[in-house]
Structure formats: C-alpha cells, structure tokens
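Residue numbers (full-length UniProt numbering), protein chains in the order written: chain A, 1 to 85; chain B, 1 to 398; chain C, 1 to 353.
Derived from the structure by calculation, the hints contain no laboratory data. Small disclaimer: the values here were computed from a predicted structure and weren't measured. Glycine included, each C-beta is placed from N, C-alpha and C at the ideal position. The reader is advised that the hints may include incorrect statements.
Below are the BS3-like pairs computed for lysine-lysine, each with C-alpha atoms no more than 27 Å apart in a straight line [stated by the list, open to error]:
1. K150/B - K276/C
2. K218/C - K178/B
3. K97/C - K53/A
4. K238/B - K53/A
5. K344/C - K150/B
6. K94/C - K38/B
7. K178/B - K97/C
8. K129/B - K97/C
9. K175/B - K238/B
To give an idea of the interface, some chain C residues facing chain B are shown, with a C-beta separation under 7 Å as derived from the structure [unchecked claim]:
10. L107
11. N118
12. N325
13. S326
Label-pair ranges, simulated between beta-carbon atoms [claimed, not checked]:
14. E264/B - A49/C: 16 to 24 Å
15. S285/B - D40/A: 53 to 61 Å
16. N31/C - D233/B: 52 to 60 Å
17. S148/B - D242/C: 18 to 26 Å
18. K3/C - Y119/B: 45 to 53 Å
19. K66/A - Q360/B: 47 to 55 Å
20. D54/A - I237/C: 54 to 62 Å
21. K66/A - K375/B: 15 to 23 Å
22. E64/A - K43/C: 31 to 39 Å
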Amino acid sequence: MEALKQELKNKIITTLNLEDITIEDIADNDPLFGDGLGLDSIDALELIVILDKDYGIKLVDPKEGKTIFQSIESMAAYISANRTK
Amino acid sequence: MAKGVAITGMGIISSIGNSVEENYISLIENKIGISRIKNISTIHADVIKVGEIDKTNEELVAELNLNDDNNFSRTAMIGTIAAKQAVENAGITSINEFRTGLISATSVGGMDMTEKHYYDYFKHPELVKYIACHDGGDVAEKIADQLSLKGMVTTISTACSSAANSIMLGARLIKTGKLDRVIVGGADGLAKFTINGFKTLMILSDDFNKPFDNERKGLNLGEAAAYLVLESDEIVEKQNKKVLARVSGYGNANDAFHQTASSENGDGAYLAMKKAFEVSGLKPSQIDYINVHGTATPNNDLSEGRALLRIYQDEKVPDFSSTKPFTGHTLAAAAAIEAVYSVLAIQNNVVYPNLNFENQMEEFELQPQTALKNKNIEHVLSNSFGFGGNCSTLIFSK
Amino acid sequence: MNKTYINGVGCISTQKTFDTVFLEEAIYDNNKTVLTIIPPVYKDYISPAASRRMAKGVKNGIVASALALRDAKVENVDAIITGTGLGCIEDSEKFLKNILDNNEEFLTPTSFIQSTHNTVGAQIALNLQCKGYNFTYVNGAVSFESALLDAKMQIEENDANSILVGGIDETGDYTISLFKLAGRVKDESNLPADILNSTSSGAIYGEGGAFFVLEKDKKETTYAEVLDVAIKNTLDISEIEDEIAAFLSTNNLQVSDIDALVLGFNGNADSDIYYKTISEKAFAATPQLYYKHLSGEYDTASAFALWMAAKIIKTQEIPEIVKANSIEKPAYKTILLYNQLNGKNHSFTLISK
Numbered sequence: 001m002e003a004l005k006q007e008l009k010n011k012i013i014t015t016l017n018l019e020d021i022t023i024e025d026i027a028d029n030d031p032l033f034g035d036g037l038g039l040d041s042i043d044a045l046e047l048i049v050i051l052d053k054d055y056g057i058k059l060v061d062p063k064e065g066k067t068i069f070q071s072i073e074s075m076a077a078y079i080s081a082n083r084t085k
Numbered sequence: 001m002a003k004g005v006a007i008t009g010m011g012i013i014s015s016i017g018n019s020v021e022e023n024y025i026s027l028i029e030n031k032i033g034i035s036r037i038k039n040i041s042t043i044h045a046d047v048i049k050v051g052e053i054d055k056t057n058e059e060l061v062a063e064l065n066l067n068d069d070n071n072f073s074r075t076a077m078i079g080t081i082a083a084k085q086a087v088e089n090a091g092i093t094s095i096n097e098f099r100t101g102l103i104s105a106t107s108v109g110g111m112d113m114t115e116k117h118y119y120d121y122f123k124h125p126e127l128v129k130y131i132a133c134h135d136g137g138d139v140a141e142k143i144a145d146q147l148s149l150k151g152m153v154t155t156i157s158t159a160c161s162s163a164a165n166s167i168m169l170g171a172r173l174i175k176t177g178k179l180d181r182v183i184v185g186g187a188d189g190l191a192k193f194t195i196n197g198f199k200t201l202m203i204l205s206d207d208f209n210k211p212f213d214n215e216r217k218g219l220n221l222g223e224a225a226a227y228l229v230l231e232s233d234e235i236v237e238k239q240n241k242k243v244l245a246r247v248s249g250y251g252n253a254n255d256a257f258h259q260t261a262s263s264e265n266g267d268g269a270y271l272a273m274k275k276a277f278e279v280s281g282l283k284p285s286q287i288d289y290i291n292v293h294g295t296a297t298p299n300n301d302l303s304e305g306r307a308l309l310r311i312y313q314d315e316k317v318p319d320f321s322s323t324k325p326f327t328g329h330t331l332a333a334a335a336a337i338e339a340v341y342s343v344l345a346i347q348n349n350v351v352y353p354n355l356n357f358e359n360q361m362e363e364f365e366l367q368p369q370t371a372l373k374n375k376n377i378e379h380v381l382s383n384s385f386g387f388g389g390n391c392s393t394l395i396f397s398k
Numbered sequence: 001m002n003k004t005y006i007n008g009v010g011c012i013s014t015q016k017t018f019d020t021v022f023l024e025e026a027i028y029d030n031n032k033t034v035l036t037i038i039p040p041v042y043k044d045y046i047s048p049a050a051s052r053r054m055a056k057g058v059k060n061g062i063v064a065s066a067l068a069l070r071d072a073k074v075e076n077v078d079a080i081i082t083g084t085g086l087g088c089i090e091d092s093e094k095f096l097k098n099i100l101d102n103n104e105e106f107l108t109p110t111s112f113i114q115s116t117h118n119t120v121g122a123q124i125a126l127n128l129q130c131k132g133y134n135f136t137y138v139n140g141a142v143s144f145e146s147a148l149l150d151a152k153m154q155i156e157e158n159d160a161n162s163i164l165v166g167g168i169d170e171t172g173d174y175t176i177s178l179f180k181l182a183g184r185v186k187d188e189s190n191l192p193a194d195i196l197n198s199t200s201s202g203a204i205y206g207e208g209g210a211f212f213v214l215e216k217d218k219k220e221t222t223y224a225e226v227l228d229v230a231i232k233n234t235l236d237i238s239e240i241e242d243e244i245a246a247f248l249s250t251n252n253l254q255v256s257d258i259d260a261l262v263l264g265f266n267g268n269a270d271s272d273i274y275y276k277t278i279s280e281k282a283f284a285a286t287p288q289l290y291y292k293h294l295s296g297e298y299d300t301a302s303a304f305a306l307w308m309a310a311k312i313i314k315t316q317e318i319p320e321i322v323k324a325n326s327i328e329k330p331a332y333k334t335i336l337l338y339n340q341l342n343g344k345n346h347s348f349t350l351i352s353k
C-alpha cells in the first residue's frame, strides 16, 4: 500500500506536470482538489485515464471520481480493491 | 429599432437532409439523423451515436465533379455543396459583381484527411497533396475557389460558436459598408480527432441525446455545413431580391470561467444574449422561439438554462427547443445549420420539437417545447457556445 | 468615426524582441531553414500552476499580450481578437499521434483542449477575466489581418474602446517535416538563403506571437494610427499594382505618400515575384523593408511586421538589418505593409504617425 501511494504521487506529479511539487509535498490525506493540491476537473479526467491505463479500472461517469480522488489515501484504497492489473 | 441585415439565400447539408427542403421536412416530421457511424472506422463505433451525412467521400467527389487530382477534405466538400446551394438560392450569377466576401467557420477543417494519411505521407507521394488540408483556412479557400470568389475570405474558429461568429462578422461587414454581399456559415466533417477529444472529456452520450432532460448523459457528435447569403439593402432594392429573413441582433461574450466548461450561472451566455438584444433593439418578451444551444451535456444545459432565467427574470421563457437530437452537435457548423432552421421557423411559423425530452431538470422549472407547434414567429433567438468560454447569440427577424 | 491607435506592443519571436530596444541584437542566420523562438522567462509572467498545461503558443501569447498591456499602460481591455494559422500545432500533433499510436485508447483531454484554435484568446481572457468580445481567425496568411480588421471595426463602431489583438503561431516538429515534404520549407541544399534574391522555391519558416493594444484615443504611449486594412483572397501578379493603387486611393493617398513599404519576402522565388513586381516598378523610389529573414515565415508573421512598422513610426529609425534597399526618407510618417503566402491571402495594412 505504501509503495502504491508513492507510485501514485509520482504519477500525479509527472502526468499533471506539477513542476514545483515534490513527493514530500503531498501528504496521504491532503485533498487533491480545491484547497489542497489545487487540481481541477481536467486533472480529474487525466486521473481517470491513469486508473484505466495502469490499473485496469474503467470509470464511466466522471462523477465517480469525486470520492475516489479525494486524497492519495482514498485513491490507493480504491485501486487496491478494484485493480485488474 | 434597426432593420437588420437581409438574408437572401441559404444552403445546407446535414444528417437530416441534403438541401434546405429536406432538412425542413425532417424537422417537422421527426426524422432524426442520429445513428451508428459508417464512414469512419473507430473503436468507439459501438458505443457512440453520431449525426452523419449519408454520403461517402466518393459520392461527394462525384457530386461536385472534382478531378481525380483534387485534394478536398470531407469538410471542404460538404462546405462547398452548402455554399453553392446558398449562392444559387440567392440568385447570384456573377459572384464578383459586387464587393463579395466569404466568412467561413470550422473547428478542425480538413482534419479528416490529416488523420487518415498522417503517417503515410512519407511513403506515398500521391498523398502529399492532402497536407494542405490541415490549414485552418483550407476549407474557405476551396469554397472561394469553387465559387470563383476573389475578394475577402476568412475563417473563424471559436470551437462550437464559430459559425454564429461568422454570421455576426458578415452582418457587421454589411452594416459598416465594407462589403455589399457576404456568404457566411460553417462546415465540420466528423473526424476521429474530434470523436476522441470529446470522448476524453467524457461528454459523449451512448444513447440519443436528450437536451434539457434531467437524465441527459451528454452529446452526440454530428457533421454538417450550412451557408447563408447576406446582402446590403442597396442590392436587395436594386435587384428586387426576396428577403428570407433578417439578422437583427448579435452578441459575443466570454465566460472567462474554464477552458471547456461553462460557468454555473452562465455569465457568458447571459452577456451574449444581452448584447444581442441591445443590438436588435428588441425586448426579450418579443422573442417567439429560442433555438437553444442545448447540447445535452449536464453542464451546458444547466448553465444555459440559468442564463435564460436570468434574461427573462419574472417573465415566461418563450417556447424553446434544441434541434441537436435531430442532427447531433455539428460543432463549428452548428450555429449555421441552426440559423437556417431559425429562418425556416420564421418562414413557416413553426417551433420545432425538442425530441427525447422526458423529465424536467431538478434545478429549475424549464420545459422545452416537445411537439411541433404552429404559431406566428416574428423573432427567433439562437444560442451557440464553445470551448474557451466563447458564447454567441444571434437574433433573426421576419 | 473613431480612429484606431496602436498604444502598446509586445512581441515574442525568433529574435530577441523583448527586453531590447529595437532589433539591435537581431541576427540574420541564413544557414537555417527553420528558425525557433527565443523564449522569455515564462515564470516571470505565468505561475507554474497555471502554465503546467499550456502549449508553447499559449505561453507566448500570454507573455506578448502582457507586454503589450504593460506598454500601453492598461490593465484590461474590452475585447480580445487573435489570429493563428495552425493554432497550438504541437498539441494537435500530440493528440493525433496518441490516437493513432494507441488505437484510440488511454487518451487524455489536455492536448485536445490545447489544440482548439481559440485556446490562446480564451486563456488570455481567463487570465484577465475579460468577459468581452473574443474572436479567433484562422485563415492562413490573413489570420492576423482578419483580427486587425475586426478590431478596427469594433473601435469604429464604438463597440469597444480598447482591444487586445494578436497573431500567434508555433512550429511543431512533425508538421514542419510534412511542410518540408510538401515543398513549403526551403530545402537544405538551397542554403545559404538569399531571401531578397532567391532563385529556389520554399520558404524559411519560423514562429512567434505579437500583440497590440488598440485604442480609440491617442495618448503618450501611442505608436501609430491604423488607417486601413484590406484582405483579398486571390490576385494575379498583373493585378497587384492596380490593387494597391486602389487601396491607397480609398485612403486619399498615392504611392509617393508612402514613406516605407514593408514586404513579406520569404525566400520562395515562386511567390516572392508578387513583391518583386511592385518593388521594382511602382515603389522603386520608396524605402523598402523586409523581415521574414529575421522572423521566418508563418501564417501570422505579418504581426511581426506590424510590430516592426509601429516601432519605426514611433522611433523614426529603421534598423539596417531590415532595409531591402538604400533609399531613405527624412521622416517616416506613413507605412504600407503588403503580405501574401504562396500567391494567396493578400493583405494590405496602412499605418501612419
């Protein structure tokens, strides 16, 4: 689980081009959207593709992302429970 | 009140017909043009529904009598067909007789050719001619060439509001006396590029689109082209031309909210409508029919509905409908085909049905007109909104 | 009718055109077929959080527009009008390649959004929170002039008092390789290039973004007045002289009133003949300037030319590096710009002190 969280932080930083952010800047329970990391709806769509491409999880409704992408913690938990690859 | 700029000709090709007459019949007889995609091979073929023109590229080439060495994209071909119809409908025989311009609109232009041949250009010299299709102005230039039009030619690309903006610019060019006659409109052929683009935004419906319905799931893409001829009152008088309707109002504003999404309260849409009313000198209550943008994405219809409620405040919102369940969302051509539908509504005194509507949205009490309705139509308002917060409104009058 | 003044300029190009006076550091490198932009320090203008999804063209547009606003001493405008031939072509390439390479799977929206032609104008509006009129023109070599013409109409019609108008294009590697294949870009074998007296086909390509603040009032920052802009899709070489004469006469001017003529020579002998025709005949006694040896050719390169012409009127100095002949005038009051690309999309722009 810890490894998965690190992996996700890395992926988020590279995929979303967060140049000035390091892994250490993202706490497991920090909100990814809004006041936390400041991600927006387009980033959410990018994260949906990460779920699909890297973990074999397909989301049909972008709204589902809301709870899954709350934090690294929630994202990691969802992925471990649902991953197909 | 300003008189507005005369519309003297129209041409259209869409998934519901290859002429103005065919489109009108489809609209009043509920013949929809949404189906599975045939002309483009895509892995999404079984998941999406589109409004596709029922002609192959080969059929379009034959219809236009193009040589074998032509490099027309699908967008350029449907654009040429519609523009030629419009010029003929306006009874124009000598295109450069007056100061005549062409203001076109497209989102991706000849992308259909670029994506088809992208990696093959280096291997197949005979395909190199299609590289030019990617230029934003390629469609307009091909149309101008086919019409032998030598004057001002330009193209507007503001995503899904593009053609509204070309009509707006055309009307302004006539009003300011810079041109005597302008052919305005837009064309967009279906492309894998666009299908996948909208797919990544997760706003494509897997079913028939349901504008302003509480359970709407997104849009169906479509392809179309439509052009209108605008002429100065001097020419209309001199040549005793029949005026089909007039462009009486227009407005463009930017939502300045998000790259693709519309703001909660539809600021841009509200401002665009407000400007159009100012230009026309009309009051909102004078509008008899609103052809809404109504793409059936959760975001657009909510934002547009709120903007309408802001415009109408305590008054009743007039009969409104989205014609996108018939045609799909034809992007940069949408405002042009809907301009043709608006003029037809004025000429025939009808309000088209907003198909597929079942349940009112929970956020407000707005119900579109769901069945064909006959009544006197003096003024039609048509909305078109695009990515980048681009919001445009046109008003057409008898 | 209101007059239209250029009250602020900003230019990002293949030369150092920011943090400089006026082309004093310009370099004519005739051993390249494609010139690349000299980037400003983007971080000085755009926060990393905001720029992380921005295409090259968007960043250059934002910086050039910010420079123009600062130069004109205005904070916001009533309208934003842009021109671009190909938009953010790098992102278009990226999205298209992803579609083709991954068979339409695992695609993300960012490059698709950036590829929309009106992205630059929209992003500037978003940054400035400018809710006014926002148009984007995409018609080859007249993309920028369409925007300029529209802006001038807006000011004349009293629809806007101040407008940000600009032209932006960027190069993309794959697109340039296609342009080479199609013969648009000069073949390496024809280097070094002699832009003014080229005997080979193909142009030297480039990229850039130039923005202008246009206002109805003249003020201390004013560069020049935009007298007129005209666009013509098709002209034969034999018609060009008459066309220019007619354009000048609608502005109550004649050839002798023109203090400098800016021509779009790009090294393509096939279409440079349009410029040759007028430079050798009607305007033989007029100071002539060229610029695409510095900026490279791109659909909105003529915005670089307007930047240059506006600077000349303001400073009354012509940098040696842009002179196409040795004729001089005591004062540069009225400048005519003529541009076309491959014999299509002709534009005539007239500015004066």
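Evaluation of the provided hints:
1. K150/B - K276/C: 22 Å, holds
2. K218/C - K178/B: Since the Cα atoms of K218/C and K178/B sit roughly 24 Å apart, the hinted pair holds (cutoff 27 Å).
3. K97/C - K53/A: 17 Å, holds
4. K238/B - K53/A: Distance of about 65 Å is beyond 27 Å: violated.
5. K344/C - K150/B: 10 Å, holds
6. K94/C - K38/B: It holds: about 26 Å lies between the C-alpha atoms, which stays within 27 Å.
7. K178/B - K97/C: 42 Å, violated
8. K129/B - K97/C: With a Cα-Cα distance of about 20 Å, the restraint between K129/B and K97/C holds, given a limit of 27 Å.
9. K175/B - K238/B: Within the cut-off at roughly 17 Å; holds.
10. L107: 5 Å, holds
11. N118: 4 Å, holds
12. N325: 30 Å, violated
13. S326: 36 Å, violated
14. E264/B - A49/C: 16 to 24 Å: 22 Å, holds
15. S285/B - D40/A: 53 to 61 Å: 39 Å, violated
16. N31/C - D233/B: 52 to 60 Å: 58 Å, holds
17. S148/B - D242/C: 18 to 26 Å: 19 Å, holds
18. K3/C - Y119/B: 45 to 53 Å: For Y119/B against K3/C, whose Cβ atoms are near 52 Å apart, the range 45 to 53 Å holds.
19. K66/A - Q360/B: 47 to 55 Å: 25 Å, violated
20. D54/A - I237/C: 54 to 62 Å: Given range 54 to 62 Å: holds, Cβ gap about 59 Å.
21. K66/A - K375/B: 15 to 23 Å: 44 Å, violated
22. E64/A - K43/C: 31 to 39 Å: 36 Å, holds
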